[in-house]
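Trainee: For reference, the chains in residue letters:
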Amino acid sequence: MQPLSHAFKERSVAALQDETLQVALHRAKDGFAVKRAKAVAGLPEFDALRDRAVAIKNHTLEHLDHYLERYAEAVERSGGTVHWAASAEDARRIVVDICRAADAKMITKGKSMVGEEVGVNGALEEAGFEVVETDLGEYIIQLAHEPPSHIIVPAVHKTRGQIADLFHENHAKYGLTRKLSEVPEMVNEARQVLRGKYLAADVGITGANFLIAETGTSVIVTNEGNGDLTCSLPRVHIVTAGIEKVVPTVEDASTLLRLLARSATGQDMTTYTTFSTGPKRAGDPDGPEEYHVVLVDNGRSSMLGDAFREMLRCIRCGACMNHCPVYGAIGGHAYGWVYPGPMGSVLTPLSVGLKEAGNLPNACTLNGHCAEVCPVRIPLPDLLRTLRHREYQLRLGLKPLRWGLAAWVWFTAHPRIYRLGTRVQARVLALLAGRKGRFTRMPLAGGWFRGGRDLPAPQGETFMAVWKRRQKEQGR
Amino acid sequence: MSGRETVLAAIRKGLGRGPLGDAARAALDRRQGATDSDPLLPELPQGPLAQVFRAGLEKVAGTMSEIASLDEVPGAVAGYLAGNGLAPEAAVAPSLGALDWSGAGVVAQVGGTRGGDLTGISLAWRGVAENGSLVMLSGPDNPTSLNFLPDHHLVVLRADDLVPHMESAWGTLRERGEGAWPRTVNVITGPSRTADIELTIQLGAHGPRSLHVFLIE
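Chains P and F, in that order, give the protein sequences.
Under this note's numbering, the residue at position 350 of the first sequence is numbered 350, and the numbers go up by one with no gaps.
Under this note's numbering, the residue at position 8 of the second sequence is numbered 8, and the numbers go up by one with no gaps.
Do not rely on the hints blindly, as some may be mistaken.
Keeping only pairs whose Cα atoms sit at most 27 Å apart, straight-line, the calculated DSSO-like set for lysine-lysine is [as the list claims (entries may be wrong)]:
#1 P/K29 <-> F/K13
#2 F/K59 <-> P/K355
#3 P/K38 <-> F/K59
#4 P/K197 <-> P/K173
#5 P/K105 <-> P/K9
#6 P/K35 <-> F/K59
#7 P/K105 <-> P/K173
Stretches of chain P that chain F covers, calculated by requiring three or more beta carbons in the stretch to come under 8 Å of a beta carbon on chain F [unchecked claim]:
#8 123-134
#9 154-162
#10 220-229
#11 285-292
#12 345-356
#13 417-425
#14 436-447
Hints were generated in silico from the structure; no laboratory data involved.
No residue lacks a Cβ here, since even glycine has one placed at the ideal position from N, Cα and C.
Kindly generate the complete structure, drawing on both the sequences and the hints.
Mentor: Written as C-alpha cells, this is what we have:
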C-alpha cells in the first residue's frame, strides 16, 4: 500500500476528533491490557519463557541463512515449493504467477501481515482474480476498502453499527437483505457468506506465525478456523512469510506459542494452531495438491546488520500497541502504513524511509510500557530513540525543532551560562505569572495550550539553587 | 542470481560473514534434532492428567464426558445428539467407521465432509493436558474437513493418549523418523470463536460452534 505516514499529524488530529473511533479505542485498550495481565499472572514461568524466546530468536537470527536453507530443503522433501522474494515486488509477482499457473478464479485469504506489507491483494485484483479475506476483521475492512488498524483485530476501530451497514450494502447480492444489529447474527451472516467462498476457492493464501526448519512446516494460529478452511479446502495453498519467521524446531515454536496467545489476546492458547507440511499425501481425503511458500525479505536482511536486528524477534502479537498511550489515543490508521503502534513506529521508517515516516518515532512518550510487555523483550523505546537520532543526523524533521535542539546542545555544553539563564528565566516567569501561578497562554507555544491545558509557572528559584540552600541549612 | 541466492547473500551481508563451514552447520543440525534444546515446560496443576485436561477444555467452552470403552461411543454420541436437540446423523472419520453406529440409531456417513453435515466425529491422536488441547493428524482415516466444517465437533480421545505438554507429542512424532509429519497437524483448543466485532466473544465464527470430547478410560 501507499504509505500515508507523512500526514501523521493531520491524521492524528482527525482521529482524536473522531468520536466513534474514540469509543472503539477505549473499549479495546481496557479489554486487552486486563486480559493479558490475567493470563500472564496464570503462568509463573512466563518471564523465564520470555528469556527462552529471546535466546531462540537470537540464535536463529545469528544463523538465519543456515536455518532458511534447512527449512527450504525440508519443504522440498515434503513435496512443497519454496520461492524467495527479495522485494515486495518479487513477492507480488510470485504469488500472481502461482495463481495464474493454477488457472485460479477465486482466492481466499487468511490474515497475513506480510501479505498486507507487500500488497498481495492489490496485485491479485489487478490481475483479475477475486480475492476474499476470511478473517472476520479482515473481511470487514476489505468491504470498507480500508487497511487494518491493528495487527490482531484489524477492524477494532469499527462499531457494530458501521459493520451492520457494511454487511447491509454488500450482502444483498447473496439474498441477505435484513439489516442486522446484534453481534451473533452478524457473525452468522459472515459465516454463511464466507462458507460459499471457501468451498469455491481455487487457491488459499495464508501467512505463517512460525516456519519450522527441521520439518519444513508452516504454523498458523487462528481463533475462527478461517485459516484452516483457507489452507485445507482449495487446490493450492500459498504461504507468505517473512524470513524472520523461521525457528529451528517444533519445540522452539511451542515455547513461542505459549507467549503469543497470552500476549496477544490473553488466551492461554489460540483455538486453532495448525501445522502444515507439504501438499496432501497419497490417500489423503483432503488438503491441497500444491503447497508453495513465499519467503519475503523486503528489507529484513539489512536490519540484521545494526541495532534493528532486535526488531526481527517480533512475533506480531500486538501487545505493544495494546499498551501504548499514543496508539490508545489515535488508533492504527493515523500511522499511515501497515504496522501501527510502537512496533510499527520502528518498522515503518525502516521500510518506507525516515523522510516519509519521521514523525512516527517522535510520536512516543518513551514511557517504556511497550518494552515491558513485549514477549521477546524488544527494546522498542531504545530503537525509537535511535531512529530519532538518525533523523537528526540526516537533517530531516522540522527546522524549528532542529534549531531548538542545536541551541540546547550549546547551552548544556556551557553550564555557567545555562545556570545563569535558568535563574533569570525562573524569576522572570514567576513574576509574569503573578499570584495565579499558572500560564494560560504564551507566545510561540500555542500548541501546548490547545484544548484548555495550562502550564504551572516556576516558583522563582531553580532546582540547583534550592538544593544548595537546603544543603547549607543542614550545615553541610 | 536466483531469488534464493539474492536473499541468502543479503542475509550474510547483514550478518557480516560468509557462508557457514561444514563443522558449524553440523553443530547447528545437532541442535535442530532438539537433543540439547531442553524446552522449559510449565508446571501443571496437581491431579490426574484427565482432570487437568478437562479443566483446560472447559475454560475454553469445550465439554467432556467419560465413557468406559470405544464400543460405547456410538451410544454416547446418540445420547449427546438427542440431549442437544440434534438429528441422529453425523459425518464419521474412517478411523471410527467400524463402530456399530446403526445399532445405536446414528446414521453415519463415513468419510470427510463438504459442509453438508451438522455433526462431525473424529478421533484425536493425542490430548494435551496443559490447555485441554486436542492433537489431530490428517490422513486417509482422519479427514481434516471434519474438524472445521460441521457445526458440532465430537472428538474421541483415549485416556492413554493424554500427555502433559505438546512437547511429549512432538517427541513421539520425531521418533517416527523422516516424513513423520502428516500434511496437517491440528492442535484444537475449544470451539471456533471470534472477537472481531466490538471485541465481543462469539463462538462458531467459521468452524464448529461446539466441541465435545468423549474420553475413553
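Trainee: Evaluate each hint against the coordinates.
Mentor: Against the structure, the hints:
1. P/K29 <-> F/K13: violated, 40 Å
2. F/K59 <-> P/K355: violated, 49 Å
3. P/K38 <-> F/K59: Answer holds: P/K38 to F/K59 is near 14 Å, not above 27 Å.
4. P/K197 <-> P/K173: Holds, because 14 Å separates the two Cα atoms, which is no more than 27 Å.
5. P/K105 <-> P/K9: violated, 41 Å
6. P/K35 <-> F/K59: The hint holds at about 14 Å.
7. P/K105 <-> P/K173: holds, 19 Å
8. 123-134: Our answer is that it is violated, as 1 residues pass the Cβ test (under 8 Å) against chain F, missing three.
9. 154-162: holds (count 6)
10. 220-229: Contact hint for the segment 220-229 of chain P vs chain F: holds, 6 residues under 8 Å.
11. 285-292: holds (count 3)
12. 345-356: violated (count 0)
13. 417-425: With 0 residues closer than 8 Å to chain F, the segment 417-425 of chain P misses the three-residue bar; violated.
14. 436-447: Since three or more residues must qualify, the claim that chain F covers the segment 436-447 of chain P is violated, with 0 doing so at under 8 Å.
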